[in-house]
Amino acid sequence: DVRLVESGGGLVRPGGSLRLSCAASGFTFINHWIHWVRRVPGKGLEWVSRVNSNGFTTEYADSVRGRFTISRDNAKNTVYLQLNSLRAEDTGVYYCGRYGSGDNSAIDYGMDVWGQGTTVTVS
Amino acid sequence: QPVLTQPLSVSGTPGQRVTISCSGSSSDIGGNNVNWYQHLPGAAPKLLIYHNYHRPSGIPDRFSGSKSGTSASLAISGLQPEDEADYYCATWDGSLHIQVVFGGGTKLTVL
Numbered sequence: 001d002v003r004l005v006e007s008g009g010g011l012v013r014p015g016g017s018l019r020l021s022c023a024a025s026g027f028t029f030i031n032h033w034i035h036w037v038r039r040v041p042g043k044g045l046e047w048v049s050r051v052n053s054n055g056f057t058t059e060y061a062d063s064v065r066g067r068f069t070i071s072r073d074n075a076k077n078t079v080y081l082q083l084n085s086l087r088a089e090d091t092g093v094y095y096c097g098r099y100g101s102g103d104n105s106a107i108d109y110g111m112d113v114w115g116q117g118t119t120v121t122v123s
Numbered sequence: 001q002p003v004l005t006q007p008l009s010v011s012g013t014p015g016q017r018v019t020i021s022c023s024g025s026s027s028d029i030g031g032n033n034v035n036w037y038q039h040l041p042g043a044a045p046k047l048l049i050y051h052n053y054h055r056p057s058g059i060p061d062r063f064s065g066s067k068s069g070t071s072a073s074l075a076i077s078g079l080q081p082e083d084e085a086d087y088y089c090a091t092w093d094g095s096l097h098i099q100v101v102f103g104g105g106t107k108l109t110v111l
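Quick mapping for you: the protein sequence lines, in order, are chains A and B. Residue numbers are given in my numbering: position 20 of the first sequence equals residue 20, and the series is strictly consecutive. Residue numbers are given in my numbering: position 110 of the second sequence equals residue 110, and the series is strictly consecutive.
Keep in mind that the hints were calculated from the coordinates and are not lab data. Heads up, the beta-carbon is just placed ideally off N, CA and C, and yes, glycines get one too. Be careful, since some hints might not be right.
[Said to hold, decoys possible] Now the in silico label distances, taken between C-beta atoms and shown as ranges:
1) A:S101 <-> B:Y53: 15 to 23 Å
2) A:Q82 <-> B:S11: 38 to 46 Å
3) B:T13 <-> A:G10: 39 to 47 Å
4) A:S63 <-> B:G15: 38 to 46 Å
5) B:S77 <-> A:S71: 41 to 49 Å
6) B:T13 <-> A:A75: 47 to 55 Å
7) B:T5 <-> A:T119: 34 to 42 Å
8) B:H54 <-> A:V40: 26 to 34 Å
9) B:G42 <-> A:T28: 27 to 35 Å
10) A:I107 <-> B:A75: 14 to 22 Å
11) A:Q116 <-> B:P56: 16 to 24 Å
Turn these sequences into a full structure, and let the hints guide you.
Shown next, in the form of structure tokens:
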């Protein structure tokens, strides 16, 4: 089965840190960009960050740039999201998602596999 | 404030057809492709439509997508109770930093 499993969420004080993990299985991990998306209470889905297949290219939402760091360990099929200087507005459920790929590089395949999420509470 | 504008809610009765709109600008939808996701609280989001109108395997043809200019839409025909969920459009914005942008989400209620 193709799976993504997030872990590492929890309750943290404002200004604190957490490291989230996203463990992948059932597919060729190095062929895919991996994204983090969060669902904030009372709001919708918000894109957070993404990392390319070799980990050398990373991008961030304006709201987290400079505070969050994404990385990946292809030997462990795992992506990490380091959350620093946490704020109350970072509270939410954090999902990792696999960005699809295929034979046609001109096609936007979307985030085709998602994990169940891990909850971050900043309070 | 979400970059892409969606209606807060839509509703329909079983068997009906509903559409959800997604409005953006030239820097996002206007220059990129649109994907649609379904999200039930407590569950993982699910990809419904990719690249404007393509359906992943396993997604019924009741779901269809389209895009024109700086807007996109998702249509759901033959509405079923299990379609009650939140729906999000998403695309890319490369105006300053490359980012994925989501719509604010639309709550679909099946009456």
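Which hints from the list above does the structure break, by number from lowest to highest?
Per hint list: single violation, 7.
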